[in-house]
Amino acid sequence: MTSKQRFLAAINRETPDRLPVTAHHVLPYFLETQMNGISYQEFFDYFGLDPINWVVAYKPDPSRGEYFDPEQGELGFLEPPRICSDNWRIKTEEIQDPKYKTVRFNFETPKNNLSMVLQSDKHTTWVTERLIKDKADIDIIAEFFTVPLCDVEEVNKQAEAFGEKGMIRGFIPGFDVYGQPGCWQDAAVLYGIEQLILETFHDPQWVHTLLKILEKRKKAYVSSMEGAKFDIVEHGGGDASSTVISPKIFDEFVAPYDVELIELAHKAGQRIVYHTCGGMMPLLEKIADMNPDAAETFTPPAMGGDADLKEAKKRIGDRLCIIGGFDQFHYFKDCTPEDTRQEVRRCFEEAGDGGGYILAPSDHFFNAEIKLLRAYAEEARKCEY
Amino acid sequence: MQDILQRIAVCIERGKASLKSLYPPDMKGQEGVAELTEKALKKGISAQEVLNKGLIFGMHSIGEKFSRGDVFIPDLLIAAQAMNAAMELLRPRFESGEIHHKGTFIIGTVSGDLHDIGKNIVKIVMEGAGWEVIDLGTDTSTESFIKAIKNSPGALVGMSALLTTTMLNMEKSVRDIHVKYPYIKVIIGGAPITENFRKDIGADLYFPDPNKLVEYLKAGN
Ligand code: B12
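Chains A and B, in that order, are what the protein sequence lines are.
1 is the number of the first residue of the first sequence in my numbering; add one for each residue after it.
1 is the number of the first residue of the second sequence in my numbering; add one for each residue after it.
What the hints contain is simulated information worked out from the structure, not anything from laboratory work.
Note that the structure is predicted; figures quoted are calculated from it, not measured.
Built from N, CA and C at the ideal position, the CB exists for glycine as well.
Check the hints yourself; a few may be wrong.
Claimed, not checked - DMTMM-like, lysine to aspartate or glutamate: derived pairs with alpha carbons at most 25 Å apart:
#1 Lys20(B) / Asp327(A)
#2 Lys229(A) / Asp61(A)
#3 Lys212(B) / Glu194(A)
#4 Lys314(A) / Asp334(A)
#5 Lys28(B) / Asp203(A)
#6 Lys248(A) / Asp116(B)
#7 Lys102(B) / Glu88(B)
#8 Lys65(B) / Asp45(A)
#9 Lys248(A) / Asp209(B)
#10 Lys99(A) / Asp135(B)
#11 Lys216(A) / Glu154(A)
#12 Lys286(A) / Glu14(A)
#13 Lys185(B) / Asp116(B)
#14 Lys199(B) / Asp334(A)
#15 Lys267(A) / Glu153(A)
#16 Lys267(A) / Glu14(A)
#17 Lys333(A) / Glu88(B)
Claimed, not checked - Some chain A residues well away from chain B (every beta-carbon gap over 12 Å; in silico):
#18 Gly76
#19 Gln96
#20 Lys122
#21 Asp137
#22 Ala159
#23 Thr200
#24 Lys219
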């Protein structure tokens, strides 16, 4: 099988020739500091992993008076292009900070302006000032936000060029500048997760209004994906994990919105992977009930999650493809290649039965030893069906 | 008397801050922690008793349920909001020396780490157990920990880390604190932390969840 066929077999819960093995994200920091700056795709080839090609291809909707932000600089890793309009201009301003690169994004609208501050270090970027500071800010967002559409032609061009090499992966857009695919998760980025949780108690209606606004923007994109040759599209995010929220909040504020996007994506011919990079076990059936094609990251307890791959396979393995579950913290560093191989075997034995499983680290890894990555890939390639 | 203290504890557990709070819906229109605390104090119940048998009791009971996995983070957050309504009323009494905290607990998420939900939960549980908590926030440098210890020399120190990269920063912070203040107990936690890691970096204690820390302290350690 080609890598692409292998991935697709697993996603369709069929049995591939062997265990598909890949890496979720490979951070630019890792490639630069530990792999002599090789490219994203060279990384997969170097270790003989099944490659993923992330494709971020947005386009504006000129009929809405929208256009690419002329002021956006060079795009970073997985950074989408910004879509602006005369009523939604995004101006950036560098702020002096002794420790981190700090940028303020001002959203200029005909009414109030909104702003958000991001900081970044060598590993990653995070929000230090939320876009929604006042509950009324969501009215401004509702009135003026822009919608990215899927640039189907560009996706297909890249898919064509990638051919059978591996899987083309996309994601449902997060909000401008910094966001996440899931509606609740996007809202958490914009308002702060703890505040958002508290509002579900005090002002649930407001939370629903916000979620609807974010959902509307995402729906426009998802509908426009028709014909795009993605193999899988990411949805969800960590803030809907059971280590953060309760199953009750998941039922009331997460699932009703995310499920609509999944339905719409299916109508547009797309497959969805639902990403939950924290606690999952109390939510497994709820995730499967939303009917995504796959779920990730199955982070094990040793890394801060709660995944029990064997139990997950038993409970939902017949309903979706399982991606992840490998403990990259303990088995990509400071252990013997034999330990890494055993961890691969553990995952395969627990979740691989009959296919429907893709081996991957349970989310990012920052540091890894070459010999252990090699053992990881090699052992997985030996896991034949 | 028992009755009103019990009601305070129930309101805390259920997250009912005041008469005005719309949550929980089945307690709409009922007095919350704020009104009941005021009433209890007016009735002559000592502030210490309100604290111990009302607030701490309520927080302990929700904390135990959280430890058992019966309730989730949102339930702790809303309970903490209710507790804060009473803490506001008790603040002057702490300041006047009428009532005392069990001690001071300094907490921060370590350098480079922005995850603060876990740290905030530890803060809530420790405050709920009667401790004064000094919250240094996220991305806390070793220097900030040391400065806080200087201002509160008898304090316990808590450190939280969620990233496997930043948990390594704990080692430096723990070492530098111990060099300057060998008698200070540093307690570490956060999802990826383990007892073995604690031993490796020379921290004094590790607890997987803050209730275990409270139980340990309660046992007179
Ligand atoms: C929410 C979340 C975020 C939010 C944080 C929001 C916030 N305000 O805190 C945001 C989106 C900002 C975020 C960012 C990132 N995150 Co994050 N995040 C999570 C998530 C989903 C939940 C963490 C959480 O809050 N859990 C709930 C709390 C209550 O649990 P807790 O912190 O473990 O605390 C409990 C105990 O551990 C204990 N405890 C905690 N501290 C202490 C201290 C003491 C003294 C004691 C006694 C006890 C104790 O008490 C708490 C209650 O029981 C986790 C996955 C998971 N673990 O569930 C990933 C996770 C932690 N994040 C991860 C990553 C990779 C990142 C990013 C690097 C992603 C990126 N590329 O941008 C950035 C890092 C930014 C930075 N520099 O810190 C990884 C870490 C992997 C690793 N092992 O290193 C995880 C595990 C996800 C994954 N599967 O990969 N994240």
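Check: Can you give the numbers of the hints that this structure goes against, from lowest to highest?
Finding: 1, 4, 8, 17, 20, 23
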